[in-house]
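Number of protein chains: 4
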Amino acid sequence: MPPQIIIGIMGPGNQVPNSELQLAHKLGKAIAQQGWVLLTGGRPAGIMEAASAGAASVGGIVLGILPDEQGNQVASGVTLPIVTGMGSARNTINILSSHGIIACGLGLGTVSEISLALKAQKSVVLMPNNPLAKDFFNALAPGQFHMTNDVNSCIEHLKSGLSQKFSTPT
Amino acid sequence: MPPQIIIGIMGPGNQVPNSELQLAHKLGKAIAQQGWVLLTGGRPAGIMEAASAGAASVGGIVLGILPDEQGNQVASGVTLPIVTGMGSARNTINILSSHGIIACGLGLGTVSEISLALKAQKSVVLMPNNPLAKDFFNALAPGQFHMTNDVNSCIEHLKSGLSQKFSTPT
Amino acid sequence: MPPQIIIGIMGPGNQVPNSELQLAHKLGKAIAQQGWVLLTGGRPAGIMEAASAGAASVGGIVLGILPDEQGNQVASGVTLPIVTGMGSARNTINILSSHGIIACGLGLGTVSEISLALKAQKSVVLMPNNPLAKDFFNALAPGQFHMTNDVNSCIEHLKSGLSQKFSTPT
Amino acid sequence: MPPQIIIGIMGPGNQVPNSELQLAHKLGKAIAQQGWVLLTGGRPAGIMEAASAGAASVGGIVLGILPDEQGNQVASGVTLPIVTGMGSARNTINILSSHGIIACGLGLGTVSEISLALKAQKSVVLMPNNPLAKDFFNALAPGQFHMTNDVNSCIEHLKSGLSQKFSTPT
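Protein chains in written order, with the numbering used here: chain Y, 12 to 181; chain H, 12 to 181; chain V, 12 to 181; chain L, 12 to 181.
Check the hints yourself; a few may be wrong.
Identical chains share a label here; the pair holds if one copy fits it or two copies do between them.
Lysine to aspartate or glutamate pairs mimicking EDC-like chemistry, simulated, CA-CA at most 16 Å apart [claimed, not checked]: (1) K40 with D79; (2) K130 with E80; (3) K133 with E80; (4) K176 with E31; (5) K37 with E167.
The hints are simulated quantities; they were obtained by calculation from the structure and are not laboratory data.
Please put together the full structure from these sequences, using the hints given.
See below:
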């Protein structure tokens, strides 16, 4: 199997509205349909569970970067659990390992991941629209992210970031 | 030496306005004058350097939690460099090891640390006043932090958090 | 894709005799032929490179758990680079994420991984035969590992460990 | 307070013979009497507890690098708990942060730390005498460590390593 493109979906584990769970499922599915590998925080909860299930529904490969050291609490669609035993420090691995990152919903852990992703100058999409988050991150990293409600717009933005990164000289 | 109270000052390494460097120096000094140990990210830059120098100016103990693995790039006031070799993953250690946390200024790394601190339900002070940051974090963690321009107000807020944490039954 | 079995091959990056490079290549190939996913430390050197190339030669999936934070120094057969930015601390992830572990050759990093694997009570195979290492680890973890020169014997030992772990009640 | 010299004592938490607990207590005390800071794995068990108590008995500063993320299980002599939440991955921090390392007794975790210390070319003392460990590590890192039963010999060896490291050209 050749080297794969890895797209991370970050989002809260708790208190996630149904609309965002459905969005995460669609995003996971869309990523797998592109032939990309999905990466999540791997826990069987919230956005991690929904996105993994979406990718699994079409046979995708799903990396789950787990915070605990037992590795027995895993989202149901995960094919490759990576057991870190490092708690929230594994957020850094989520970001560094993803070629592009989607934040779906906004929890405190997600904010830490968005910040690290922007700092590492990754391709970042924030979903769904959130004017306050837009203003806040634009003040810190102007023009460095895309915000949308639309799955297609998200995928197109990631594609254009990947084509810049993986383009070959002619 | 008995167990010490550790207060972390988090803040950007680059492009820090002079007013915030001066604020960080005052905060580091005030922490040491309380008899508290200062913890910073340890690099010889920006808020880390200024806060460490402030604490060192009155003989304080300064923990510097360093991201690289050589450990030879250290803020000048650091007495105890902790060498992690873990890059941004060391931000988690900064937060977990501090009994109270001051964010002085706002960079992307700082935002990741504020988020982790609020998630870990630490006592958090944001300085200086920043209406957009106030609105953003209040939406995620209502009433969980104090924002001020004033060093005394910051120290008093931390004291009250510590007294709740360290109070003994009578 | 259903959850996968992950087998780690640990071994030195430098000063590896040719015989051990050839052994690592055979082991990587045998793991992929079992339908297992190979995990290595991911660097383009020594045992990591040889084992990854072996698995890649028969189309296997290869996880490379990288120590640096750029993620651009990768063994040629790696399909899924996991970028940790955590230096030697990533050795822990190598061990926790593998259902079974083969140490091929013996460097200082490898010894740290063997120790962590025995401590985590993983299924461990040491190759090739090394009487001093056998005595040393037997004193610390008697009967907890298998030592052999033979690829088939190694695979059979791992299989029996996996069948204990993944067996289902009837 | 000027920058401090940090000496790490590594050793098992469980099943430690009394003679080694007493040795760890003496070593912790001797380190503090040199004016050095003691670093341990910080847990209230075995060598970590004994060494910390030894240093505390003469008023020393003790860094405890804790594996869990609550930070409420701490050896009684620790003055500065560093809370990592990283499990065994914190062993790397123990080694990188220490200017010299003493392994007192031999458990699997200790072996991982000795290996990392030798790999990082730190000054290393193994105690007490253990012919099998001597042969094993000499095969991997010939002449890179000192083995002894004697506290004074241990301290002298560390001193000579420190004087090489901290000597200034004249």
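Structure-based check of all given hints:
For a Cα distance limit of 16 Å, the shortest separation of K40 from D79 qualifies neither inside one copy, at 26 Å, nor across copies, at 30 Å. Taking identical chains as interchangeable, the C-alpha atoms of K130 and E80 lie at most 16 Å apart only when they sit on different chains, with a minimum of 13 Å there against 27 Å within one chain. Within a single copy, K133 and E80 get their C-alpha atoms only as close as 28 Å, which misses the 16 Å cut-off; across copies the closest is 13 Å, which meets it. When the C-alpha separation of K176 and E31 is checked against a cutoff of 16 Å, the pair qualifies neither within a copy, at 29 Å, nor between copies, at 36 Å.
Proximity of K37 and E167 under a CA criterion of 16 Å is satisfied intra-copy only: 15 Å inside one chain copy versus 41 Å between copies.
Violated hints for the displayed structure, listed by number in ascending order: 1 and 4.
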